[in-house]
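Visitor: Here the structure of chain A is known, so what remains is to put chain B in place on it, guided by the hints.
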Amino acid sequence: MGADQGGSLLGSLIETFLENTPQVIAAAREALAGRVSAELERAAHTLKGSSSNFGAERMGAACAELERAAHDGVPDGAAAMIAAIESEFASVRIALEGERSTCLV
Amino acid sequence: MKILIAEDDPVSVKVLQFTLEHYGHAVVVAASGSEAWEKFDAEPVRVIVSDWMMPGLDGLQLCQKVRERPKTEYTYFILLTAIHTGRENLRHAMNAGVDDFLTKPLDREAILMRLRVAERILEFTKQIRLLKELIPICMYCKKVRDDSDYWDQVESYIHVHTGSNFSHGICPTCFDQQMSNLSRAGVTIAPAAD
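Those sequence lines, one after another, are chains A and B.
By this note's numbering, the letter at position 69 of the first sequence is numbered 69, and the numbering carries on one by one without gaps.
By this note's numbering, the letter at position 89 of the second sequence is numbered 89, and the numbering carries on one by one without gaps.
So that you can see chain A by itself, here it is in the shape it has in the complex (with noise of 0.2 Å):
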């Protein structure tokens, strides 16, 4: 893969994370408010494997304790667990935006 190729990618993938994690976020707090643990628990899940491509291990970590939780049905946490992974978001958000402006130039 050449510099310039790799840059585009890097700067593609990080678009597409930004633009599609608050859906699935969104997605999580519709599962929890229709009580539906398999959603929610999927939606963890999807949450996990896309911030695993960027690294981002805080973020990952908490998709997976919801994920774990909403195993056996919607945890009493769930709201809190939500906020959370919202929150690592936030950070790693500001984190992406600063590489893809690199990608960029």
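The set of hints was computed from the structure by calculation and includes no laboratory data.
Being a predicted model, the structure only gives us computed values, none of them experimental.
Ideal Cβ positions, reconstructed from N, Cα and C, are used throughout, including at glycine.
It is possible that some hints are incorrect.
To be verified - To list a few chain A residues with every Cβ distance to chain B over 10 Å, as calculated:
1. L9
2. E30
3. E41
4. K48
5. G49
6. G55
7. R58
8. A64
9. A80
10. A83
11. E86
12. A95
13. E97
14. G98
15. E99
16. S101
What the hints assert, rightly or not - When the alpha-carbon atoms are kept at most 20 Å apart in a straight line, the in silico DMTMM-like pairs for lysine to aspartate or glutamate are as follows:
17. B:K14 with A:E30
18. B:K14 with A:E15
19. B:K2 with B:D100
20. B:K126 with B:D58
21. B:K39 with B:E68
22. B:K126 with B:E68
23. B:K14 with A:D76
24. B:K65 with B:D99
25. B:K39 with B:D58
26. B:K14 with A:E97
27. B:K126 with B:D107
28. B:K71 with B:D41
Guide: Only chain B this time, still in chain A's reference frame:
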């Protein structure tokens, strides 16, 4: 090679798609297990890379449907898993018909190595199928038909494709028949001296 990606995370899809296309493969993308099955059923591919947890059918259900589809060539099924997927889950996946695993985060080298294994296995299945089609074998006694020149064709084919060599002998039935023919022709064979 045409490869079907079944994955609902668009970031993972991009990583996979970019890597596979970069190395010359054609890619079909499905964002759910159900969509993947519809695409496969309409036009089967030889390799599927699938996430486990997806909307509609999950990865294992997709794999089972692929395995159960009649008159379908062998499809190499690679399941995407998390690093900490337990042994019990992996065993469960193997029992469902999964051939291999790729862990997330996706690593380009790992993807390519898995695809090399896939290509090798698919080539073997093709060779076995060709061998099965080529050799007319009796369903009951398993003797290969002794048509004129057929021995040579089978031997040379198997030798070329597998490297196996043949030692030549005679089965008891053919031995009796040959002895009978020789006897009818008036040829007498003395027993070997001790």
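Visitor: With reference to the structure, classify each hint as holding or not holding.
Guide: Comparing the hints with the structure gives:
A Cβ of chain B approaches the Cβ of L9 of chain A within 10 Å, the least distance being about 6 Å, so the stated non-interface status is violated. Every C-beta of chain B lies more than 10 Å from that of E30 of chain A, the closest at about 13 Å, which supports listing it as non-interface. At roughly 7 Å, the least C-beta separation between E41 of chain A and chain B is not larger than 10 Å, which violates its mark as non-interface. Under the 10 Å C-beta cut-off, the non-interface status given to K48 of chain A relative to chain B is violated; the minimum distance is some 7 Å.
Once the 10 Å rule is applied to beta carbons, G49 of chain A is inconsistent with being away from chain B; the minimum gap is 5 Å. At the 10 Å boundary, the C-beta of G55 of chain A falls inside the reach of chain B, the nearest C-beta of that chain being 8 Å off. With a minimum CB-CB distance of about 15 Å to chain B, R58 of chain A clears the 10 Å threshold, and the non-interface call stands. Listed as a non-interface residue, A64 of chain A fails to keep its Cβ farther than 10 Å from every Cβ of chain B; the least gap is roughly 8 Å.
For A80 of chain A, the condition that its CB be more than 10 Å from all CB atoms of chain B holds, with the nearest at approximately 23 Å. At the 10 Å boundary, the C-beta of A83 of chain A stays outside the reach of chain B, the nearest C-beta of that chain being 21 Å off. A cut-off of 10 Å between C-beta atoms confirms that E86 of chain A is not in contact with chain B; the least separation is 17 Å. Every beta carbon of chain B lies more than 10 Å from that of A95 of chain A, the smallest distance being close to 15 Å; the non-interface claim holds.
Distance to chain B confirms E97 of chain A as a non-interface residue, since its nearest Cβ pair spans about 16 Å, more than 10 Å. The claim that G98 of chain A lies off the interface holds: its Cβ sits roughly 18 Å from the closest Cβ of chain B, which is beyond the 10 Å cut-off. With a minimum CB-CB distance of about 14 Å to chain B, E99 of chain A clears the 10 Å threshold, and the non-interface call stands. Every beta carbon of chain B lies more than 10 Å from that of S101 of chain A, the smallest distance being close to 19 Å; the non-interface claim holds.
Taking the CA atoms of K14 of chain B and E30 of chain A, the gap is near 26 Å; set against the 20 Å cutoff, the hint is violated. At most 20 Å may separate the alpha-carbon atoms for a hinted pair to count; K14 of chain B and E15 of chain A meet this at roughly 11 Å. A C-alpha spacing of about 17 Å is found between K2 of chain B and D100 of chain B, which places the hinted pair at or below 20 Å, so the restraint holds. A C-alpha spacing of about 28 Å is found between K126 of chain B and D58 of chain B, which places the hinted pair above 20 Å, so the restraint is violated.
The hinted pair formed by K39 of chain B and E68 of chain B meets the criterion: a straight-line CA distance of about 16 Å does not exceed 20 Å. The hinted pair formed by K126 of chain B and E68 of chain B meets the criterion: a straight-line CA distance of about 19 Å does not exceed 20 Å. Between the alpha carbons of K14 of chain B and D76 of chain A the distance comes to roughly 35 Å, so the proposed pair goes past 20 Å and is violated. Among the hinted pairs, K65 of chain B with D99 of chain B is consistent with the structure: their alpha-carbon atoms are about 15 Å apart, no more than 20 Å.
Simply put, K39 of chain B and D58 of chain B have alpha-carbon atoms about 15 Å apart, close enough for the 20 Å limit, and the pair holds. Note on K14 of chain B and E97 of chain A: the hinted pairing holds, with a Cα-Cα distance of about 18 Å set against a maximum of 20 Å. The straight-line distance between the Cα atoms of K126 of chain B and D107 of chain B is roughly 29 Å, outside the 20 Å bound, and the hint therefore fails. As the CA atoms of K71 of chain B and D41 of chain B are separated by approximately 11 Å, the hinted pair is consistent with the 20 Å bound.
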